[in-house]
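Numbering of the sequence shown is given in our numbering, commencing with residue 1 and proceeding in unit increments.
Because the hints were derived from the structure by calculation, they are not lab data.
Just so you know, not all the hints are guaranteed correct.
Straight-line Cα separation of at most 27 Å, DSS-like style, residue types lysine-lysine; simulated pairs [unchecked claim]: (1) Lys399 to Lys128; (2) Lys58 to Lys47; (3) Lys46 to Lys420; (4) Lys131 to Lys90; (5) Lys222 to Lys204; (6) Lys46 to Lys60; (7) Lys299 to Lys204; (8) Lys91 to Lys399; (9) Lys271 to Lys299; (10) Lys271 to Lys282.
With beta-carbon atoms standing in for the labels, derived distance ranges [said to hold, decoys possible]: (11) Leu252 to Gly365: 26 to 32 Å; (12) Ser201 to Gln318: 15 to 21 Å; (13) Pro291 to Asn411: 18 to 24 Å; (14) Pro291 to Glu81: 25 to 31 Å; (15) Asn411 to Asn55: 20 to 26 Å; (16) Glu145 to Arg182: 34 to 40 Å; (17) Leu138 to Lys224: 49 to 55 Å; (18) Phe360 to Thr144: 17 to 23 Å; (19) Thr122 to Gln102: 16 to 22 Å.
Idealized CB from N, CA, C, for every residue including glycine.
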Amino acid sequence: MEKTFAGLGKFNKVIAISLPIVLSIFLVRMQSVVHQELSPPECRVKKWDIPVSLNAEKQKIPLIQRLPITCCQGDTSCFDEPLYGEIPDKKALLSAITRSLQYLQTANAAAAYQNYQVAEITRDRVIKSLKRFRELLLTTNSATELHQATLQEFVLYQSVGKDNHGSVLFTAYYEPLYAASRVPTREYRYPVYRLPPDFNSWPKPHPTREELEGADGLQGAKGKLRGLELFWFRDRLEPYLAQIEGSARLQLPDGTQTAIGYAGNTAYNYKSIGRELVNDGKLPLEGITMPIILDYFQKHPQELNIYIPRDRSFVFFQENHGEPAQGSINVPLTAERSIATDKSLMPPGALALIRASIPFANPTGKMEERIVSRYVLDQDTGGAIKGAGRVDYFLGTGKLAGDRAGVTVSNGQLFYLLLKSKN
Numbered sequence: 001m002e003k004t005f006a007g008l009g010k011f012n013k014v015i016a017i018s019l020p021i022v023l024s025i026f027l028v029r030m031q032s033v034v035h036q037e038l039s040p041p042e043c044r045v046k047k048w049d050i051p052v053s054l055n056a057e058k059q060k061i062p063l064i065q066r067l068p069i070t071c072c073q074g075d076t077s078c079f080d081e082p083l084y085g086e087i088p089d090k091k092a093l094l095s096a097i098t099r100s101l102q103y104l105q106t107a108n109a110a111a112a113y114q115n116y117q118v119a120e121i122t123r124d125r126v127i128k129s130l131k132r133f134r135e136l137l138l139t140t141n142s143a144t145e146l147h148q149a150t151l152q153e154f155v156l157y158q159s160v161g162k163d164n165h166g167s168v169l170f171t172a173y174y175e176p177l178y179a180a181s182r183v184p185t186r187e188y189r190y191p192v193y194r195l196p197p198d199f200n201s202w203p204k205p206h207p208t209r210e211e212l213e214g215a216d217g218l219q220g221a222k223g224k225l226r227g228l229e230l231f232w233f234r235d236r237l238e239p240y241l242a243q244i245e246g247s248a249r250l251q252l253p254d255g256t257q258t259a260i261g262y263a264g265n266t267a268y269n270y271k272s273i274g275r276e277l278v279n280d281g282k283l284p285l286e287g288i289t290m291p292i293i294l295d296y297f298q299k300h301p302q303e304l305n306i307y308i309p310r311d312r313s314f315v316f317f318q319e320n321h322g323e324p325a326q327g328s329i330n331v332p333l334t335a336e337r338s339i340a341t342d343k344s345l346m347p348p349g350a351l352a353l354i355r356a357s358i359p360f361a362n363p364t365g366k367m368e369e370r371i372v373s374r375y376v377l378d379q380d381t382g383g384a385i386k387g388a389g390r391v392d393y394f395l396g397t398g399k400l401a402g403d404r405a406g407v408t409v410s411n412g413q414l415f416y417l418l419l420k421s422k423n
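Take these sequences, add in the hints, and give me the full structure.
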């Protein structure tokens, strides 16, 4: 899908086929989150890096097969604890696995794996791996037991990351909820648009954002977008944030809800308006977060007409009639169990293990960072999710998901789990 603005969690994916975007371009450094030291550095980082002996730089492939990671004694962050918590979280992961298996039976999946650059990672092996992991998930009784079972039966393929040592930048995205109307009114003035029926015949370079909708976002009816209005919003920023996220859930005036999802985009790279504020000296680079950016535009709404047009990219939508947000492999995303990666490099629909520092709200509402390990399914992509060193983590729908997405940025590791060949 696309991505959000913490409302902007994914303020980076705009050229993708699906819902993610990148928050890190925006969110350069975050200092407002409490960090919890859960284990010594060698447990938190070094054990999870690609061993120097594997020489990832020379192999020139995105994933390197490696030996399993042995967990430090007492380091619960090594295990996916919520699966077996007081309120077990197996159902969501099982649902995500089922959705990946559905995708893997399609012609699109067959084509995606036909020439995959890591020869031993095949569609058939990914399917078998998912089915066996599902069996283990249903029959094991603790996170430790599941971890030990995967070590015995699966091989880890680690992303080489952004540095060939396995370091991956993690951001997060979510599905926002906005008030919107099917018809324009004095209150609802700012539209989002359907994909033009003749879009494939548009000459390149495509019109820029400003050429399509004007600097104020109100001129679309005067040009190529006339008659393509899908929904209208009250606030200038909201349709833009929906474009960044790639989807949104909408609350209509009659009390009903619906949803919009990504349908296409113009051929421009996304430009972060947060970065533009920094470049212009309006905000400091150090400590910038999504809430700070939103607060700036609340105080200076007239400047939206300056900064939004600087992002020449433009995203079109379709109505999904309340269906869950979908990823680039055309299956619904699952909160906390779906990720977005660069699909030119990573295996679509595959089972992965992520390890990163993720913010959680404590009982007082304050965000606390926790190093966690999570089994996830690779089901999405994003225009700003490029290279082996990027992962976007889907956190769900609504305000809390948005608050967490807005302050998610950390370095971690990404692994794919494949059954050993003898299995």
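- Message: Would the hint linking Lys58 and Lys47 be met if the CA-CA limit is 27 Å?
- Response: holds (21 Å)
- Given the hint that Lys46 pairs with Lys60, does the C-alpha gap stay at or below 27 Å? holds (22 Å)
- Pairwise hint evaluation, Lys204 against Lys222, where the allowed Cα distance is 27 Å at most: Satisfied, since the Cα-Cα distance of roughly 20 Å is no more than 27 Å.
- Restraint check for Lys399 with Lys128, where alpha carbons must lie at most 27 Å apart: This hinted pair is violated, its Cα atoms lying about 37 Å apart.
- Item | Pair hint Lys299 and Lys204, alpha-carbon separation not exceeding 27 Å | Distance ~37 Å between Lys299 and Lys204 Cα, so the pair is violated.
- Do the alpha carbons of Lys271 and Lys299 lie within 27 Å of each other, as the hint requires? holds (22 Å)
- Query: Regarding the pair Lys46 and Lys420, is the alpha-carbon distance no greater than 27 Å?
  - Reply: Given that 27 Å is the threshold and the Cα spacing comes to 25 Å, the pair holds.
- Is 16 to 22 Å a correct range for the gap between the Cβ atoms of Thr122 and Gln102? Holds, at about 18 Å.
- Task: Mind checking the hinted window 26 to 32 Å against the Cβ distance between Leu252 and Gly365?
- Result: holds (29 Å)
- Ser201 paired with Gln318, Cβ distance criterion 15 to 21 Å: holds (19 Å)
- Message: If I claimed the Cβ atoms of Leu138 and Lys224 lie 49 to 55 Å apart, would that claim hold in this structure?
- Response: holds (52 Å)
- Lys91 and Lys399: Cα distance at most 27 Å? holds (23 Å)
In summary, the numbered hints that this structure violates are 1, 7, 16.
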